[in-house]
Every structure is written in structure tokens, then in C-alpha cells.
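Asks: These are the residues of each chain, in order.
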Amino acid sequence: DTEVTQTPKHLVMGMTNKKSLKCEQHMGHRAMYWYKQKAKKPPELMFVYSYEKLSINESVPSRFSPECPNSSLLNLHLHALQPEDSALYLCASSRAGTELGNTIYFGEGSWLTVV
Amino acid sequence: SQQGEEDPQALSIQEGENATMNCSYKTSINNLQWYRQNSGRGLVHLILIRSNEREKHSGRLRVTLDTSKKSSSLLITASRAADTASYFCATDYNTNAGKSTFGDGTTLTVKP
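Protein sequences, first through last, are from chains A and B. Going left to right, the first sequence walks through residues 15 to 129 as the working numbering numbers them. Going left to right, the second sequence walks through residues 12 to 123 as the working numbering numbers them.
Using 30 Å as the maximum straight-line C-alpha spacing, the simulated DSBU-like pairs for lysine-lysine come out as follows:
| hint | chain 1 | residue 1 | chain 2 | residue 2 |
| --- | --- | --- | --- | --- |
| 1 | B | Lys67 | A | Lys54 |
| 2 | A | Lys32 | B | Lys110 |
| 3 | A | Lys55 | A | Lys23 |
| 4 | A | Lys54 | B | Lys81 |
| 5 | B | Lys67 | A | Lys55 |
| 6 | A | Lys36 | B | Lys110 |
| 7 | A | Lys54 | B | Lys110 |
| 8 | A | Lys33 | A | Lys55 |
Hints were generated in silico from the structure; no laboratory data involved.
Work out the full structure, taking the sequences as your base and the hints as a guide.
Replies: Pasting the structure below:
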């Protein structure tokens, strides 16, 4: 069982809706990540937070807005999404940066469908 | 793109056989990790190998790293039907520290 918890597991939203994906970990990890994964494709990095500060933004459109309220929580706010944004959104965490050889622990993901 | 490439894209074997998957990458790395993903689920970490290591074992898994060829392989011995999944390598490059980049993955099917 993963120690990274994501909610909701499934989300269907219209293109004008505002919704949020939530992620929580209690492993004391200080790096947290959002990945996007389309069917039969590898995960693609979206954002990295390190010590609650945004350290990497992979040129993600502004309709995706990350937030790290504290060291255990990571949110992804969604607004005015497009149907092509439908995907599995994976949250992950690691003790510190992966350059130090830290393992990334993934949640089970949130399936997002934009209609 | 610095994304790693894996081959084969798909592999189908009988239970009890060994499965070998390969990952190639383009530039110097800090480390390389292998993950498994069951259909529609999150990724599970299998094994990490650092750039100064050449081989690691974990149970039925054996990972090798050849930095001169910029490649790694994952060997699963005595495969089981439960090993059916997609397997990804993820590389942390020196030039993009902190960004684990995933390869395209190998889909393994183990037939009972």
C-alpha cells in the first residue's frame, strides 16, 4: 500500500469548472511532485516542490496551479481545462531531491476526465 | 529530449521464464531507478542504482548499469503471472538534478 494518498480517485469536470486534486503524505518527505500520465505513456513531470517551495515547473499551462500548504500536503488546482488534459495525475514524494538518490513514492493517482 | 528509451516495448513470456528489459539514456546521470506499474495504478519503486554502481540485486530482480554504454537492464528471474505490469526506468541527470525522467516503458505479460 502506498503512503501517498490522493483524492479524489476519479474526477469528471466540465471545461468551465474549477476543481482541485489533493495529495497527502506523512513520511516526513520534503520533496513532492505532480506527474501527468496519458494512457500507454510514461509519467511526465509537471511540478516539483522542495521544502514547500516550487523548485521546478515544466512549462505547465497556467490552467494548472500547484499549491503546497505545508510539508505534508500538495494540491493541484484546475481551472478551464481542455479535453486533452484528461489523464491520470500522479502525486509523489521523496525524502529529498532525487539527485541525492532518494526514492520517489507514488500515490495511486487521480483519474481526471474533462468533458 | 533526454528521455530514456526502453526496449522491448512489449514482452510476452511463460511463467517461470526470465524477463530482461533494457533502458538507454543520453547524458550523464546521478542515478537510475526502476519502477513497476500495474494497469491503472500508481508506480511502485523496485530498485535504485547509483552511477558508481554496476550491479544490484533485490530478490528476483537484478539490475545492471553500464555508464560507458549509457544503458541499464532489469532482469526478473523465474517470472510469475503477478509480474505482469509495465516497467519504467527513471533517470536523474547531472544537468537536471532533481528531475527524474521516465523512459517509455516495457509492458511485460507473463502467461500462466
